[in-house]
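Colleague: Numbers given in the working numbering equal positions in the sequence shown, counted from 1, plus 826.
A hint or two may mislead.
Derived DSBU-like pairs (lysine-lysine); straight-line CA-CA distance at most 35 Å [what the hints assert, rightly or not]:
hint, residue 1, residue 2
1, K879, K928
2, K912, K879
3, K924, K879
Because the hints were derived from the structure by calculation, they are not lab data.
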Amino acid sequence: MELGALLGTWINSNPDTNSIAVITATGRDGQLQLRVSAVGPDGPIDWGVANAKVFAATPDSRAGAGFTCTYDFGFAETRMQAMIMKGLLVLAQFHLFKEDSKRASYFLREYYAATHDRYKSS
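Let the sequences and hints guide you as you build the complete structure.
Modeller: Below, the structure written as structure tokens:
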């Protein structure tokens, strides 16, 4: 699968987000790897690196057009689904709380713009 369209650093277009601020997507041995930085009370929180599953837009394409990825934090899990649309990365986030804290699981969709280094990574 060709990863070029997905690679690079993606910045949340919502400056007031309280969720994922930055996604850095790199390719290693044909595998898409994501490093997520979320907004925290005292500054950015690095979620670390996770492997993503890449999907093409059509069955006969080899160009990656989207991905899925899961981050498991023990007490909670965040499942992500993303696609490229009109030059933006559209990210659907499914936040699931696993412990008995009475917090509601929630869905969030946000849009990410590529930084200039995206074009260096392709």
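Colleague: Please go over all the hints and tell whether each is borne out by the structure.
Modeller: Hint-by-hint comparison with the structure:
1. Straight-line distance between C-alpha atoms of K879 and K928 comes to about 31 Å, which keeps the hinted pair within the 35 Å bound.
2. At most 35 Å may separate the alpha-carbon atoms for a hinted pair to count; K912 and K879 meet this at roughly 21 Å.
3. Under the criterion of a C-alpha separation no larger than 35 Å, the hint pairing K924 with K879 is consistent with the structure, at around 23 Å.
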